[in-house]
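Two chains, two frames, a set of hints: combine them into the complex.
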Amino acid sequence: GENVEQHPSTLSVQEGDSAVIKCTYSDSASNYFPWYKQELGKRPQLIIDIRSNVGEKKDQRIAVTLNKTAKHFSLHITETQPEDSAVYFCAARSGYSTLTFGKGTMLLVSP
Amino acid sequence: ETGVTQTPRHLVMGMTNKKSLKCEQHLGHNAMYWYKQSAKKPLELMFVYNFKEQTENNSVPSRFSPECPNSSHLFLHLHTLQPEDSALYLCASSQKDSGQSSYNSPLHFGNGTRLTVT
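Same order as they appear, the protein sequences are chains A and B. If you read the first sequence in my numbering, its first letter stands for residue 55, the second for the next number, and so on. If you read the second sequence in my numbering, its first letter stands for residue 30, the second for the next number, and so on.
Isolated chain B, as found in the complex (with noise of 0.2 Å):
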């Protein structure tokens, strides 16, 4: 049983769609991410939310658009996708030490939505 749930498992949409992945945390964790994984890729991060405020955007295009209402609930809104956005995507979390020890606990990952933009 993975501490963090992602719903759907796998979802086909066409490119004028509008969709939404949803991922869950029941760690208690502060932080949670989005990861693209591609065929032959390393793990692509896309955004980081820390303490439900976005930290980082690694450049996604606008297509893309994360929400975090709390810190156990992160969503991906998808809309006009094009085929290569076809990939698995990942949700992750963290415990982030808000002190001085910087400290970042490992990433838990959630089971992926296989996305398919057809």
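Same shape as in the complex, but just chain A (with noise of 0.2 Å):
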């Protein structure tokens, strides 16, 4: 089955600067990688998508790029804001199959 790996498992940035968030996966069949948001407490929330037939997809500060050859995407957040600081999950997916979850990343970011 597909297993994806997450790194880094915490992250603390200045407000202002940039985070990356990479993951891998092992299915070369997957072709659908999603970006969850969880703030404390509450649900996980989907931040972006990317689907395999394109390399990147921006959202305003969110960006995702995917590389296939290599088997791995990442989530870029710009100029990041207090309000970014939550947990994020990234995960991946084969067609009808169910979504396969990273670890997450807990992502600080100070004023």
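Calculated from the structure, these hints are not laboratory results. A hint or two may mislead.
Below, in silico cross-link-like pairs of lysine-lysine (BS3-like), each with a Cα-Cα straight-line distance of 27 Å or less [to be verified]:
1) B:Lys65 / A:Lys76
2) A:Lys112 / A:Lys76
3) B:Lys125 / A:Lys111
4) A:Lys122 / B:Lys125
5) A:Lys157 / A:Lys112
6) B:Lys81 / A:Lys76
7) B:Lys70 / A:Lys125
8) B:Lys125 / A:Lys96
9) A:Lys111 / A:Lys125
10) A:Lys125 / A:Lys76
Computed from a predicted structure; not experimentally measured.
Here it is in structure tokens:
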């Protein structure tokens, strides 16, 4: 089955800096890669996703890149703000299968 | 306002109790899921229901018993739990295309039930 590794487990940045979270996956058939944000005490919410037919997708300060050859994808957050502090989960899925999640990255943005 | 609602938000139960978690989705989706979220672990898929039929059971102990009476409601019945079962239990839903496209919409999660087993 699919295996998703996520790094780092914690990431501390200063407000205004950029943050990068990286994930690798094992199943070359995986074709859908979402990222979820979970604030303390709240539910995970989808913030951005990418499918295997594109290499990069951006939404304001958030971008995701995908390298199918290397089987890794990354989340990039620019101009970080304190409200970006949360746990971020990457995930991967092939076709009709269910999502496999990474272990999560706790992002702390200091004012 | 979330399209997936879970009750109760918090539950404390003894190891000999029987309780049930409830999930309801208002999104018109046809697939529902139970996930377990423990500290420092990835989200663990427990059960999947597609069109009310259970399609996945990820080696979950029999003390967890799911029930899906229709595509909008999902229950997780609990009995004789262990302290290590204490966790956040998340329900989610999605829309799966039954055709050839194998389309599966993003997961929408509920706020979860924080379960403590004493």
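Any hints from earlier that this structure breaks? Give me their numbers in increasing order, please. 6
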